[in-house]
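Novice: The listed protein sequences correspond, in order, to chains S and W.
Heads up: the first sequence at position 124 corresponds to 124 in our numbering, and the numbers run straight through without jumps.
Heads up: the second sequence at position 176 corresponds to 176 in our numbering, and the numbers run straight through without jumps.
Heads up, some of the hints might be wrong.
[Unchecked claim] No more than 25 Å apart at the CA atoms, straight line, and that leaves these computed lysine-lysine pairs for DSS-like:
#1 K112(S) <-> K125(W)
#2 K129(W) <-> K110(W)
#3 K26(W) <-> K51(W)
#4 K153(W) <-> K10(S)
#5 K80(S) <-> K58(S)
#6 K125(W) <-> K79(S)
#7 K94(W) <-> K168(W)
#8 K129(W) <-> K37(S)
#9 K21(W) <-> K168(W)
#10 K79(S) <-> K129(W)
#11 K10(S) <-> K41(W)
#12 K110(W) <-> K125(W)
#13 K129(W) <-> K80(S)
#14 K26(W) <-> K37(S)
#15 K112(S) <-> K168(W)
#16 K10(S) <-> K50(W)
#17 K21(W) <-> K112(S)
#18 K94(W) <-> K41(W)
#19 K10(S) <-> K125(W)
#20 K10(S) <-> K48(W)
#21 K50(W) <-> K94(W)
#22 K10(S) <-> K39(W)
#23 K80(S) <-> K125(W)
#24 K39(W) <-> K110(W)
#25 K55(S) <-> K37(S)
#26 K10(S) <-> K164(W)
[What the hints assert, rightly or not] A short list of chain W residues far from chain S (calculated; beta carbon distances all over 12 Å):
#27 K10
#28 S103
#29 N133
#30 V165
These aren't lab readings, by the way, just hints derived from the structure by calculation.
Each residue gets a CB set at the ideal place from its N, CA and C atoms; glycine is no exception.
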Amino acid sequence: MRKLIVEASKTTPQIILDPIKGYFLFEGRSFPENSKKFYAPILEWFEGFEPLHNKDYKLEFNLSYISSSSIISIFELLKKVHKLDKLGNIAIFWKHEHDDESIRQIGEDFTKLAQVSLTLEAISTS
Amino acid sequence: MVNTYQLYEKMTNGNILLSYKGDASKDVLSSMLDILESKLKESDVSNKTKKKMYNILVECLQNLYHHTDEPDPTIEIENSSAIFMVSRQTENFKIFTGNYISSNDIEGLKERIEHINSLDLESLKAYHKEILNNGQISSKGGGGLGLIDMRRKSQNKLNFEFHKVDEKTYFFTLEITISTNY
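Pulled out of the complex, with its shape left as it was, chain S reads as follows:
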């Protein structure tokens, strides 16, 4: 599996998918005009990804804005990750600014709906 890096734009997050390091990151803002189109290659990447049994993986979300259509795309992504994480070695972290109730709530909803366990992590804002 090749490493995939998507640079951040004004409306889309930086994305790093690094299978060698075992590190996946989504960071920044997510409100592309068409979230389905934007997240399609990411979903496709995970489609072809198989976690190794002797390795730990970390998937980290650190998003400051999430549009409603992005919520649906990220939910699709989490369901996919849940399916391929048969060994249970992908740890998922959902960061939110400590006073950002709505981003925290989205993480909570995902935990309930996608049956994935996200570690919610409050970060302080400067």
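Dock chain W against the given chain S, drawing on the hints supplied.
Specialist: Then chain W, alone, in the frame of chain S:
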């Protein structure tokens, strides 16, 4: 002839932060978001309110974009035009949007907004989850969560109207009030 000064006064007295009528293209909408972001940054409201405003603005602008991006073939008039306006009063912000809509879509949209308006905040939370769980993104990228989000974040009912233009076409207006008090 439009009296520019009268228009200027009207906009000042109505505390209009931004007002736009025209094509809802991606570039125009993105510039408006930039302008409003910097106006919000300068304003004296809490970060929480700024964030809420920004979120609702994004949803509103994306709605306009998706509506006019692929014009509805059943509407015969030139229909990519929309209106978008933001005002600031002491206690609240107001966002106004307006766009053409096919008469076929009115009933469904009306039912959805009325349902969303009828729910209290706790039920909205559950409804949001339900839509997310069953939700499918449309080809335009919309997911049906936008209106629920606007209602939840603003904590106010969504005001809306349909104005008949001709047999096939209506003009849909939406007004959202965001309190600056919390």
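Novice: Which hint numbers does the structure go against, in order from smallest to largest?
Specialist: 7, 15, 17, 19, 24, 25, 26 and 29
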